[in-house]
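Novice: Spelled out, the chains give:
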Amino acid sequence: MSTHSVVSSEPEGSRSKPVGSGVVDCDIHPAASSPTEVAQYLPERWRKHVSTFGVRLPNQPTINIVPYPRMAPGHGMRMDSWPPNGGAPASDLGFMREQLLDACNIEFGILQPLSGGSMTTNQELGSAFCNAMNEWQLEKWTRKDKRLKGAICVAQEDADSAVATIERYAKNRDFVHIAIPTRTMEPFGRKRYWPIFEAAERWNLPICMHAPATGYHCNTPSGWASYYIEEHIAFSHPPQTIVTSMILEGVFERFTRLRIVLVEGGFAWVPPLAWRLDKQWQIMRDEVPHVKRPPSGYLREHFWFTTQPVEESERPSDLLDTIRWIGSDRLMFSTDYPHWDFDDPSRAFKIELSREDRKAILRDNAVALFRLNE
Amino acid sequence: MSSPYLGAIDCDIHPAVPNTAALTPYLSAYWREMRVLRELDRMDLMSYPPNVPLSGRPDWRPKTGSPGTDFDLLRAQALDHFGVRYAICNCLYGAQAFYDENMAAAFCHATNDWIQKEWLDRDPRLRASIILPLQNPDLAAEEIERLAADKRFVQVLLLSRCELPLGRNYYWPIYRAAERHSLPLGIHSGSMFRHSPTQCGYPSFFVEDHVSQTQAFAVQLASFVSEGVFAKFPELKVVLIESGVTWLPAMIWRFGKDWRGIRAEIPWVKSTPGTIIRDHVRLTVQPLDGPSNPQDLQRILEHLGSEDILLFSTDYPHWQFEGDAVLPSGFPENTLRKILFENPLATYPRLKETVQ
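For the record, the sequence lines run as chains A and B. Per the numbering used here, the first sequence starts with residue 1, numbered consecutively. Per the numbering used here, the second sequence starts with residue 1, numbered consecutively.
Using C-beta positions, here's what the derived DEER-type ranges look like:
no., chain 1, residue 1, chain 2, residue 2, range
1, A, Arg257, B, Glu39, 50 to 56 Å
2, A, Arg315, B, Glu163, 35 to 41 Å
3, B, Trp268, A, Thr52, 40 to 46 Å
4, A, Arg315, B, Ala21, 50 to 56 Å
5, B, Asn51, A, Thr121, 36 to 42 Å
6, A, Ile65, B, Leu37, 49 to 55 Å
7, A, Trp203, B, Glu39, 52 to 58 Å
8, A, Trp203, B, Ser292, 34 to 40 Å
9, B, Pro328, A, Pro84, 57 to 63 Å
10, B, Ala29, A, Glu253, 54 to 60 Å
List time: in silico EDC-like cross-link candidates among lysine to aspartate or glutamate, alpha-carbon distance up to 20 Å:
no., chain 1, residue 1, chain 2, residue 2
11, B, Lys352, B, Asp123
12, A, Lys359, A, Asp344
13, B, Lys352, B, Glu342
14, A, Lys146, A, Asp92
15, A, Lys350, B, Glu302
16, A, Lys140, A, Glu37
17, A, Lys191, B, Asp209
18, B, Lys352, B, Asp308
19, B, Lys270, A, Glu314
Worth flagging that the hints you see were computed from the coordinates, not collected in a lab. We treat Cβ as the ideally placed atom computed from N, Cα and C, and that holds for glycine.
If we strip away everything but chain A, and leave its shape as in the complex, we get:
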């Protein structure tokens, strides 16, 4: 699998590769082997609750299916991702090793569990569910394969509980980030979330934000879209709202070391948003006197972006402009395994990246941000 090596084209067994030659995958979605697997980590009171009342999510009219059904089996999985021993895609560590970690020379894989706990409308349950997800990650994944690094799942709408969860798990370096969905109940710069930022800064943990399949507000400002393709396009909008809100609320004046990773939200929108923010701030800065500098400066310092799904420019080389405008030190490779729109590290970019940029994007930026070599 030499094509996956970042710095070397010499074939070698992935297990014996020297540290520093692999790929860091910033977006792996681990799955449960059975519907009750994660619930086993819940206290009895909530286990009963879940089995009777279920996990209620906003904007979900049907119980067993996402609001916008996907266009691939398993609600949007890679066709070849079902483990031969049974179970759902990405529920079997052995097969994940074979199909992803070894095959793609993944030196570290950052887990992004899509936890219903962060989105359930019952916030008490949400907190309990997040704790269960965290225990499950330790037991099923991170203790069994040191390449896998976990996410502290938190119920962000109840900031006190989110902070308590962070305090419980932050010392354990099996966890390298805090996971929060992009479709928050309020724009993410609002003060209700600031205790979470304080805790993230205290523990020097980046916050990774990934799109959930449901949301508290319409997925367009003109009501609900009809089709999955529209919803998927609109997945790139909450990340823009996060950038805009956090900068204009002055979050980074207060939390100068806070780092945000926008996962699977695309990145080609970043330069145009920076230009628009700067221009409108210039005219309207009297409204936000707490924003001391042009917004693009905060954006440059505090945000990272994972690459999948890499936007494909119509003329391939145009994407090089985009990467230059963002800065190759702010992009981090991701596969989105086992989802249908998986990016393979050897084929994700249809452009010729320089050796330095390739190494930064496929490995080094993530190693530094998540402190993976500690």
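Given chain A, put chain B in place with the hints provided.
Specialist: Relative to the frame of chain A, chain B by itself:
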């Protein structure tokens, strides 16, 4: 005249209704009475509060009243000063946003008549958009039919954030009428505030709300294409007005990749979204929202993949640029000619008709 824009067609200027009393002559007896009883005295849109900097460039504000309310000032500053040949009036007023569809229809009707009599009749360079009560597509289509005979109306006008995504067939009576009369569908930045402006709820600040408008335009384009509007109405043109420009390539790239992956969901969409968008969609040039470096600006404009889609606009009296620099320097002669004259004429058939 030394204006570099001599003879250009300005596709976005904003005459403003000073107050609803000005509309009285154009309202029915019933609505005249309601106007007083229900104190409908000012109906400025929340998307453009008259005093915010965006709504009026300092040197374009009249001594009294809101920006855009002074006919003589607009004529001197927007028409004479830049030496434009034509300018399209896009009136932004509360009629478009009411929850009561009958109230909306009555005030749209009055505002259109007011534009016709108080603006179009007073200067032959002026053209206008028909503002529509989007609250009821049948009433909106009737309004188009009522005014279509006056060729000085060259477009119909909607706000970017509305009740339902604009591709939905609920709105198709409007598109049928617009296509029949060769009226492009102008979608202007603005909100009816039916839903929260972002997927994460209400922004705190005006500037935050305004920056987020690009999301509203992006999902409207996704909706038009995905619902098959352009397959149903092949002659229909959509003009995004005051939408910003530079966000579009990223949206086309994402849409194109998604379409390749999951086009089976919308099998009536037969070609790449980028091609469809370039065939049917135009954008006014202000605000340009681009990088300050001219080479980078040219690069991002090249990413659009077409020289046919930008339309000259000053956005008068909105504050988008300083001095006379409507367009930054560095545009090749040929591109400039397209933006200033050729693209607007190709976009607005009714305008072109009156030129010949």
